[in-house]
Structures are given as C-alpha cells and as structure tokens.
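Those sequence lines, one after another, are chains A and B. Each residue of the first sequence is one higher than the one before, counting from 1 in the working numbering. Each residue of the second sequence is one higher than the one before, counting from 1 in the working numbering.
If you're looking for bench data, these hints aren't it; they were derived computationally from the structure. Do not rely on the hints blindly, as some may be mistaken.
Pairs count within a copy or across copies, as identical chains cannot be separated in the list.
As the list claims (entries may be wrong) - List time: in silico DSSO-like cross-link candidates among lysine-lysine, alpha-carbon distance up to 30 Å: (1) K360 with K57; (2) K142 with K339; (3) K57 with K339; (4) K102 with K172; (5) K332 with K271.
Number of protein chains: 2
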Amino acid sequence: MSSGLTKIDRGNITSPKGFTAGSTFVGLKTYAEDKLDLGILMSVSPCSVAGFYTLNKLKSHSVTLDQERTMNGRAQALVVNSGIANACVGHQGYIDASDITKKVSEHLGLANDDVLICSTGLIGVELPVSLIKTGIDRIVQKEDGGHDLARAIITTDTRTKEIGFNFRHEEKIITVGGISKGSGMIHPNMATMLAFITTDAAISPDLLKTMANKSVDQSFNMITIDGDTSTNDTVLVFANGESGCPEILDGSPEQALLQESLDQVCVFLAKEIVRDGEGANKLIEVNVEGASSREEARSGAITVASSTLVKTAIHGNDPNWGRIVAALGRSKCEIIEEKIALYINDICIMESGIPTPFPKDSVVAIMSGEEVVIRLNLNLGSESATAWGCNLSEEYVTFNSAYTT
Amino acid sequence: MSSGLTKIDRGNITSPKGFTAGSTFVGLKTYAEDKLDLGILMSVSPCSVAGFYTLNKLKSHSVTLDQERTMNGRAQALVVNSGIANACVGHQGYIDASDITKKVSEHLGLANDDVLICSTGLIGVELPVSLIKTGIDRIVQKEDGGHDLARAIITTDTRTKEIGFNFRHEEKIITVGGISKGSGMIHPNMATMLAFITTDAAISPDLLKTMANKSVDQSFNMITIDGDTSTNDTVLVFANGESGCPEILDGSPEQALLQESLDQVCVFLAKEIVRDGEGANKLIEVNVEGASSREEARSGAITVASSTLVKTAIHGNDPNWGRIVAALGRSKCEIIEEKIALYINDICIMESGIPTPFPKDSVVAIMSGEEVVIRLNLNLGSESATAWGCNLSEEYVTFNSAYTT
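My request is simple: use the sequences and hints to build the entire structure.
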C-alpha cells in the first residue's frame, strides 16, 4: 500500500462507480449452505473487457461462449450460476449458454453479445434453463450488490473472497474491486476458479488486456491446490471509465498505480482461494530468487508449491529440505547444486547446496503457523517468482474420496 | 507368456548364467527391518550395459559416476548400498563413489571403470566410506545370491521385487532376470526407484540400449506414485553372453523374444513398485486408446494416473468420470469431447463425451478390488499407451507428514 493505494473497507466488485449486481436462488446448489446461486454483474456503460480462460481441452460451453464474445474486448454484463458447470453435456451446453445470455440481455436492455456467462459446479448435468430464466426475472441490480454476488458464485468455499482498492488521479478517484471463488470439489468436478474484477478507470481494451495479463500471470497462474485444472476456470476484468478520470495511457504514472491495484486485487483473491483450499489450513509461499530467467523461476516456484511430498511435509511442520530441493531439481529451473541456498521462514536450512545445522525445534515451531515461506536462492541470476500452495492433509483425502457420484 | 517365454520359479537377477551376487550389512539402514544394506552384482565376463538415469537436475554422485562409466556401453559389476543416497553432500559424494568402486574393483579383480555404483536412502548425509570398504571385504559372490541382493537394495519397501523369464534359442536357453526397489519415502528423500536387469544373451551395447530403452519407456517411465522424482532413480541392464547362444541380431526372431522378455521383466518390476507404494493398496491401470499419436496417448495415460483427484476418487471406489476426463483434458493429448468413451473395469461410464447411465453399485463394488482399470478411447487414431499409478490414502499423508528430519 506504499504508493498511494488505499484498501477500501468491505471493498468488492461493486465498489467501482457504475457497476451494480443482483442475485437470487433457483435451487442449483442443494449441497451448499448458502443458497444464492444466480447473479448478474452489470455496468451502466459498455466496458473494455479482458478474459482469461482454462487451458483444459475439456471446456464448459459457458467458457466457449465468453471466449468468442470477449474477442472484441467489449462487454457490459455477466451472468453467473453456481451449482452446475455446463460442461460435458454435448452441444446443448452451448445452446443453453446462448439462451441464458439472451434472456439477460432482454432483462437488462443490452445487446446480446455484450453479456457474458460463467458457470461452476457439477459437470455432466444440464442447466435447467427455464428455471434460470424465471430466476433472472427476479434479479434486481443494486449499487451495493457485490457482497451477495460474491455469495452467489461460491460452491463449497467456506467463505466469500472480496477486495477493493482505490487511488487518486487528478482530483478524482479510481477504484478497483474484485471477487473470486475456489476450491470446492464436488461431484465429478474439480476446483473451479472464478475471479471477476472491475474498475471505473477509462482504458482501452488492448492496454487493459496487457495489464490484466501481467496481474493474472503472477497471481491466479501461480497458485496450486492439487494440480488439477477445471473445465470452467475463468478470470474476467471489466473497465467502464465511470470514474470520470482521463483515459489511462501506457507509460503514465496512473498506469503504474492501476497496475499495482490490479496486482494487489489479483494476488489477494488468488491467495484467498489457496487459503480456503479443501482440507487446507496452511498457506505455502514459495519464492525462487537468483534464477537465470523469469520462466525458470516461475517453473521452480510452482513445482515446489505443487509437490505432494513438500505439501505433506509442511502439513507435518517438517523442514524437509530434501523434498524441496528435489522438487526444484525436477522443474524447468536450471540449477547448480553447489550454489543453492534455502530458507524456511527466513531461517537458513541449506547453503551452497549442503544442509546447514539449524535449530530444528524452532523451525518446527515456526512452521506450525498458518503461513510457511520457502525461499530458494539459486545464486545464478537476478530473476525471481513467487507461487502459493497449501498443505495436503488427511482431511483432503477423506473429503475427496467420499462418494460423490 | 504366449510366445514361448517361460516364467522362472523364484527367478531373479542371478537366474541368467554367469551372474553372481553377494550381500552384507554395515548399519546404514537403521530404520528398516531388513538390515542387509550393501551388495555386489558381478558377471564372470564383461557385459554390454545400458543405463537409464533420473532426469532430476539434482543428482546423486553415484548417478553421475555411472553416467560417465556406461557411456562406452560396457561394465562388469555393480555395488549398491541402501540407507544413504550419496546426494546433496557436495563434491565429496563423487570422491566417495569413486573410492567405493575402486575398492570393489580390487576386491573382485576387475578394472575400476567396469564397476558401477547405486545408492538409495537419506540425502544430505555422507557415506561412511571406511565402514563400507570393510563391508565389501566380507562380501562373498554366490550363484544364487540374487534374492539377498533384492533384500539389500530395498529401503522402506514392504517386500522384495524379483522376476525371471527364459526362452529357447537354437537348443540353448536365454534367461532374463531382474530386481527392483521403490517407494520408501524417508528423511528428506523421496521414492527412489532402482531396477537392475540381467541377461545371458549375447548382444551389442547399441542394440541392448535400443531394446532396453523401449522396455523402460513403457514400464518404469509410465509409473507414478506421487509425481516426485528422485535424485537417484536408475535402471541398469547387463548382458554377458554366457548363455552360449549366438549374438542377437536386429530383426531376428530371437530379438523379438528377448524384447518381450525385457518388456515383461520391466513391466512386472515397475508394477510391483506401484503396488508397494506408500499407503497404497490399489493398482490403477490407465489405458488410453484411439489417440492420434503415441506421445499424446502416453501423456494422457500418465496425467490421469497422476491426478490427485483421480487417486483420491479411486481410494473411495468412486467412478468419478468427471475427474478422469478433466485430467485427460489438461494433458498433452488432443481430444474431441464428443468422441470420448470411458470404461472402468470394462463397464462403460461415458460415451460420445456424455456420461451414460451405469449400474453404480456394481461399479463401486468392482472398484473395491485391488486393481482398477481405466480405459479411455479417444476415437481419433490408432495409438495407445498404458500407465500405472496407485490410490492416494490418508495413510500416505500421515506417513509422509510425520517428522522425518
């Protein structure tokens, strides 16, 4: 928060000017405590939009439709349902997604192509389109509807994930807000990650895409819960220009502040997903420093954070350096064994590739906290990267091996 | 065993003619019940040899030395210690590995360069070289020493892994035997896989390398326990020609039989490693058929077999098709959703990309056995591949999160 960013109290996706949200329930999420399962995000004016989608070749038709509609960098509303993923249902899924967005466009008085759709939940089940259409008729857009929308998008998450920041720009205020949902693993689905971010900055679709890509790459693309990726993973970023500030231009000081806001929002929402991972109670942060290239640092960090053996060791508060450096060794990261230094929560565990005597009891005690920070210095170059993961617990196995079909 | 191969009763690495083994203990394996921890495999005559090593950039110095010494395709003996991995100890590890092989070469009266070394166990700990040298003096080579050598190489494996086959070739008999060790995960080590295979066939180093590579690629390279790879993984194949049969030539009928023997030995030893995985009690076989290319089929099979969500579902006898096809979707395998068919233990679960009604109770009952076979037909081409993995259990997590440092 150094550079003039202010964290907003109870900030979320409707904190930026000109965004409203409305939610209701239609009975899609029978397994969850919170019954809200259908919501709409809308902007008073057309937005620049940037979309980032799952790389899984098995995709929800809701994802396919959004990929087509965000090609032009423009959208004005988003409908989200939780409970059913609209995946593995054949071509009907595409027809249903189109139908629902058409209904929303009529309900809101917008062009059909300006409405996007996201779905999360069970796969192999068709969306009950009539039920959803009836639900849409009941939805009322509210200026403070963001919190309810955050509730409407979660599945087995134990809490909502919401954040907002703002900064001053020529006597006006630019706000960035967002919500996300994560790691519910329900019948035959896996953790679907959804994140929606809004800002009232004025910015071209191209520059927004470049900036959002930078934020997503160091946040949502650097988290791991169990290595599986979903049919529905989506990040959407909307900018409507309603702050009244002049357009953000490439290379300007405002651009730096907007970038920092997007970074902070994305990193917060991504880390919240990991913290709330199934059966997880520890956040693992892995910093790889001194790498020859950024790509290598990223590969090293995410490989260590994903390692089953590292995740179980940290579950047991075990400063198991061997598993950490062995995971590093199988990543794409070039290493020279004799140069590696390893720190756990700032205590040196390994130097010059050889374990150092360290106060084991203290390290174990420190590791029993909610956050374990692994720092690997490769001493080869100046590039670095950070990834986040969580411990692997017996509860994860129990939960995920329970009959779900 | 269709084609004239015979499985040998209690066959192992000393079943082929001209191979002897001897074992002893020097106190490296305090954590294991079986105390044998040092052994030597020797051939009466120089062998063609093929070596396959871990791709981890963090390597045991025992691996480094073998990589150098098998470059010429020739070796005559192998010394193995279990208990200490000779990894993460700096350059001293290389000096120690060289020293120990030198001692063995003197003990056996062989050229130093013809002796290989493998180590498995704790990393970050130096080998007690004097103790090991004293142990070597006590080792006596025996014609039936294979079973004890199989004991001497295991760490926390619950049993030895041994196999042998033979076939007739012009009135003579050619034998192939092997031993392996797997998935003990001990302080700060991960599952080291070692496999040693011998044959009394006469064969050039180049042809042996080609054939062994084919076998290793469809066996040891297609198994997964927890996705982590070790600093010490090694497969060594020795051929000494002592059967008295003429040299095996490329394209001959004998070559096909030798290939099948190597395949059978490697697949058996690889599957045994998976069956004996930490906390695992189910073998998962994943067959991907109808792929456009062999590489894609391999990627699909190994990705499904490695998926944490698939492994936990199978632990719970859950025919969770969604997790299976989603794992397939994130592999390198090209898919057309509408063409995918999925079978679990031969029961059709999904057809044309859409789940079919299946007798759930029957499938759950069948899945509670010791072997679960997942078959995915992509209906795109004619290539196929098989991978093997194991269920992920609460016991795995408990075992691997226990303090080990």
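Evaluated hints:
1. Taking the closest pair of Cα atoms, K360 and K57 come within 30 Å of each other only across two copies (27 Å); inside a single copy the shortest separation is 45 Å, beyond that limit.
2. Proximity of K142 to K339 under the C-alpha cut-off of 30 Å is found in neither arrangement, the shortest distances being 57 Å within a copy and 44 Å between copies.
3. Taking CA atoms no more than 30 Å apart as the test, K57 paired with K339 passes between copies only; the shortest distance there is 13 Å, against 39 Å inside one copy.
4. For the homomeric pair K102 and K172, neither the shortest alpha-carbon distance inside one copy (36 Å) nor that between copies (78 Å) is at most 30 Å.
5. Taking the closest pair of Cα atoms, K332 and K271 come within 30 Å of each other both inside a single copy (24 Å) and across two copies (28 Å).
Against the hints set out earlier in the document, violations occur for numbers 2 and 4.
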